[in-house]
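Q: For this one, chain Z is given, so just place chain U on it according to the hints.
There are 2 protein chains.
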Amino acid sequence: MSMWKKREEREAYSGWRRIIRKRFELPDGRLVDFDILGAAHYVTVAAITQSGEFLLVKQYRPGPEMPLISFPEGAIDDGESPEQSARRELLEETGYEAGKIVHLKTFRSSYTDQLQFCLLATGCRKIADPKPDDDEFIEVFSLPEKALRQLLSKPQDDTFSNVGCGYLALERLGKLQP
Amino acid sequence: MSMWKKREEREAYSGWRRIIRKRFELPDGRLVDFDILGAAHYVTVAAITQSGEFLLVKQYRPGPEMPLISFPEGAIDDGESPEQSARRELLEETGYEAGKIVHLKTFRSSYTDQLQFCLLATGCRKIADPKPDDDEFIEVFSLPEKALRQLLSKPQDDTFSNVGCGYLALERLGKLQP
Chain Z
228 MSMWKKREER EAYSGWRRII RKRFELPDGR LVDFDILGAA HYVTVAAITQ SGEFLLVKQY
288 RPGPEMPLIS FPEGAIDDGE SPEQSARREL LEETGYEAGK IVHLKTFRSS YTDQLQFCLL
348 ATGCRKIADP KPDDDEFIEV FSLPEKALRQ LLSKPQDDTF SNVGCGYLAL ERLGKLQP
Chain U
228 MSMWKKREER EAYSGWRRII RKRFELPDGR LVDFDILGAA HYVTVAAITQ SGEFLLVKQY
288 RPGPEMPLIS FPEGAIDDGE SPEQSARREL LEETGYEAGK IVHLKTFRSS YTDQLQFCLL
348 ATGCRKIADP KPDDDEFIEV FSLPEKALRQ LLSKPQDDTF SNVGCGYLAL ERLGKLQP
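Top to bottom, those sequences are chains Z and U.
Numbering-wise (this note's numbering), the first sequence opens with residue 228 and increments by one.
Numbering-wise (this note's numbering), the second sequence opens with residue 228 and increments by one.
It is possible that part of the hints are untrue.
[As the list claims (entries may be wrong)] Using 20 Å as the maximum straight-line C-alpha spacing, the simulated EDC-like pairs for lysine to aspartate or glutamate come out as follows: (1) Z:K373 x U:E398; (2) Z:K232 x U:D360; (3) Z:K233 x U:E363; (4) Z:K381 x Z:E398; (5) U:K358 x U:E398; (6) U:K285 x U:D385; (7) Z:K232 x U:E363; (8) Z:K402 x U:E372; (9) U:K233 x U:D260; (10) U:K232 x Z:D360; (11) U:K232 x Z:E363; (12) Z:K232 x U:E366; (13) U:K327 x U:E280; (14) Z:K285 x U:E252; (15) U:K285 x Z:D340; (16) Z:K402 x Z:E372; (17) Z:K358 x U:D255; (18) Z:K381 x U:E398; (19) U:K233 x U:E252; (20) Z:K381 x U:E310; (21) U:K358 x Z:D255; (22) U:K232 x Z:E366.
[Unchecked claim] Rough simulated footprint, nothing fancy, chain U against chain Z, three-plus residues with beta-carbon under 8 Å: (23) 228 to 238; (24) 259 to 266; (25) 368 to 382.
Just so you know, the hints here were simulated from the structure itself, not pulled from any lab data.
Using N, Cα and C, we set each Cβ at its ideal position, and we do this for glycine too.
Okay, chain Z solo, but in the shape it has when bound:
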């Protein structure tokens, strides 16, 4: 495996997101620059109610400029563990309290230092009204497992943004036979 050597790193942009410009020495000795997105790590929570339905949120998203559907998710606050963050985001966005939480997997991608922690919360029950952040206008709904599976697999759907986490949740629940 050819490793690269980092030679320089500087903040090239700082706003609501950050760009870190990194210079690497490639295995053949050439120097190449990359812009890396700097953003807080976040959790995505596949959450199942006591009656067995998956909790989903739908909200307008400023990147694609259209509503997207996702599991409850959000940035991890300073000092929080991924599980603590998952419990907080689930409660804030949906009003549901998580029962048991397990870690499904952590996703990295090529051009960001951001981590996405995927978790599964089972036995969730409604204990409050949603209290979303100031800039969130969220529609909360739930789907039975079969309808979630259809949403995950449907080629025409481009509105669900947690396909990997969804399949991992079904896998952990023993719903995908090998």
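A: Same frame as chain Z, but now just chain U:
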């Protein structure tokens, strides 16, 4: 569903990646700014050889500063369809020619205008040596279906970056019974 109204948009940073600063009017009338990552659309190709193994590539990635494993993938060139791009990337990165290609799904995410097209290529056969781009130093290998499934689902692995596309490929191939 509460829609937002875009009031302004300007390029806030331009380098190897772009940042677009967008100002939105929220449903309650407040104005909020977001930084949106601007990057070319790209394809991810779950490719299966004629002997039934999945083609994978492993390369050092400048965001996490470690090697990641993925399906062959890359930016769509001007004028290319996702299928054309998938055939080109597969051939360049692995030396394999795709047989049949089908579209699995298109992923959007909240804070980028970039689209990820996931495709499945079957019946792939080796016709050349890999010819990766100048800054790619790629290790090509293949895994049988069972080993790919383990890589997808293993909670401890944080090196595989196409979990959603991998499950969609297995789903389309009829390998995930409901």
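Q: Look at each hint and say if it fits the structure.
A: Now the hints, each set against the structure:
1. Z:K373 x U:E398: Given that 20 Å is the threshold and the Cα spacing comes to 14 Å, the pair holds.
2. Z:K232 x U:D360: holds (19 Å)
3. Z:K233 x U:E363: This hinted pair holds, its Cα atoms lying about 15 Å apart.
4. Z:K381 x Z:E398: holds (18 Å)
5. U:K358 x U:E398: With Cα atoms ~31 Å apart, K358 (chain U) and E398 (chain U) exceed 20 Å; violated.
6. U:K285 x U:D385: Measuring from Cα to Cα gives roughly 13 Å; hence the hint holds.
7. Z:K232 x U:E363: holds (14 Å)
8. Z:K402 x U:E372: holds (18 Å)
9. U:K233 x U:D260: Cα-Cα ~10 Å, so holds.
10. U:K232 x Z:D360: holds (19 Å)
11. U:K232 x Z:E363: holds (14 Å)
12. Z:K232 x U:E366: holds (18 Å)
13. U:K327 x U:E280: Judged against 20 Å, a Cα distance of about 15 Å means the pair holds.
14. Z:K285 x U:E252: holds (18 Å)
15. U:K285 x Z:D340: This hinted pair holds, its Cα atoms lying about 18 Å apart.
16. Z:K402 x Z:E372: holds (9 Å)
17. Z:K358 x U:D255: holds (15 Å)
18. Z:K381 x U:E398: Roughly 10 Å between the alpha carbons, so the hint for K381 (chain Z) and E398 (chain U) holds.
19. U:K233 x U:E252: holds (6 Å)
20. Z:K381 x U:E310: holds (18 Å)
21. U:K358 x Z:D255: holds (15 Å)
22. U:K232 x Z:E366: Measuring from Cα to Cα gives roughly 18 Å; hence the hint holds.
23. 228 to 238: Satisfied; 5 residues make the cut.
24. 259 to 266: Held - the region 259 to 266 of chain Z has 7 residues with a Cβ nearer than 8 Å to chain U, which meets the minimum of three.
25. 368 to 382: Held - the region 368 to 382 of chain Z has 6 residues with a Cβ nearer than 8 Å to chain U, which meets the minimum of three.
Hint 5 alone, counting from the list given before, is not met by this structure.
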